[in-house]
Amino acid sequence: MQMYAILFHAMLCSAVLWFVPEPAAGADPSPTLPGKDGAPLVLVPAGPFPMGVPKGDRDGGRDEYPNHEVFLDAYSIDKFEVTNGRYREFVRATGHRPPQHPNDPSRNLWQGAVMPDSTTDQPVINVDWQDADAYCRWAGRRLPTEAEWEKAARGTGDPRFPWGNVEPTHKHLNFNQRWQGEKTLKPVGSYEAGKSPFGAYDMAGNVWEWVADWYDAFYYEKSPARNPKGPATGADKVLRSSGWEVETPLVRSVTRVKSDPLNRNHSTGFRCAADAR
1 MQMYAILFHA
11 MLCSAVLWFV
21 PEPAAGADPS
31 PTLPGKDGAP
41 LVLVPAGPFP
51 MGVPKGDRDG
61 GRDEYPNHEV
71 FLDAYSIDKF
81 EVTNGRYREF
91 VRATGHRPPQ
101 HPNDPSRNLW
111 QGAVMPDSTT
121 DQPVINVDWQ
131 DADAYCRWAG
141 RRLPTEAEWE
151 KAARGTGDPR
161 FPWGNVEPTH
171 KHLNFNQRWQ
181 GEKTLKPVGS
191 YEAGKSPFGA
201 YDMAGNVWEW
211 VADWYDAFYY
221 EKSPARNPKG
231 PATGADKVLR
241 SSGWEVETPL
251 VRSVTRVKSD
261 PLNRNHSTGF
271 RCAADAR
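Note that my numbering gives residue 84 to position 84 of the sequence shown, counting from 1, and the numbers run on in steps of one.
Please keep in mind that the hints were generated in silico from the structure rather than gathered at the bench.
Idealized CB from N, CA, C, for every residue including glycine.
One should not assume that every hint holds.
Within a straight-line C-alpha distance of at most 25 Å, the following computed DSS-like cross-link-like pairs (lysine-lysine) qualify [to be verified]:
#, residue 1, residue 2
1, 36, 229
2, 55, 229
3, 171, 186
Ranges of calculated distance between the beta carbons of each label pair, as one might list FRET restraints [said to hold, decoys possible]:
#, residue 1, residue 2, range
4, 66, 118, 41 to 51 Å
5, 138, 106, 27 to 37 Å
6, 58, 164, 13 to 23 Å
7, 105, 156, 41 to 51 Å
8, 34, 130, 19 to 29 Å
9, 116, 277, 30 to 40 Å
10, 34, 260, 27 to 37 Å
11, 38, 113, 12 to 22 Å
12, 233, 104, 29 to 39 Å
13, 31, 102, 31 to 41 Å
14, 120, 65, 35 to 45 Å
Construct all of the structure, not just a fragment, from the sequences and the given hints.
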């Protein structure tokens, strides 16, 4: 009898570990988990979500249609965009090149491998896709897929913005700015009102974010219904979120932008993700 009790307990524990429910409306955000580099992550449970332009909306780009259901296995994603401070540790540890604008020094925050202490908690910019990929690998993670990024931003509902359907204001995000050097960007996590249903911050505004996928304007019409990873090849990578310079129409959680993977500019950064353990 004792052996049966032990076996039943083991099976029950296994079932609890494998069943990760979706958060109920009004529930607390997903738990914060530690990253290898010390960065906090939030858990996004397994389950379906609607991807693409919300049903009934008419202001989406051609590449944001159709709205379609996608099922994702559980994963974790950085609670915040990767900061200058964390990126500095990566540069010091690996000798990787510092983030630099390719042709306009006035758009740099770093001077060589040195950055102003005042920018430590701001998102790193002037990094291309390869820089972002290298950092995430060094940190024991990876870039999120486009689908993972969008689910982390919008949750399992069909809202226009990470915080719901209320029109964007400067209480929600850093946007509609002009370049003013280090004053342009805000420290990550500055906008409590703008966080996503899973507790991820700055999924709109501050900086655009590299994701893993190659870009295809018609990918949604043929993408797998479970764990899509984007086209096998392509010329451009996908950027999600929106930068400090954008105006309201581009703030939406479904906005997709393409970019040369070698492009470095002063409004693009990234965050990392990891398979759930």
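### Query
Honestly, which of those hints from before does the structure not fit?
Violated: none.
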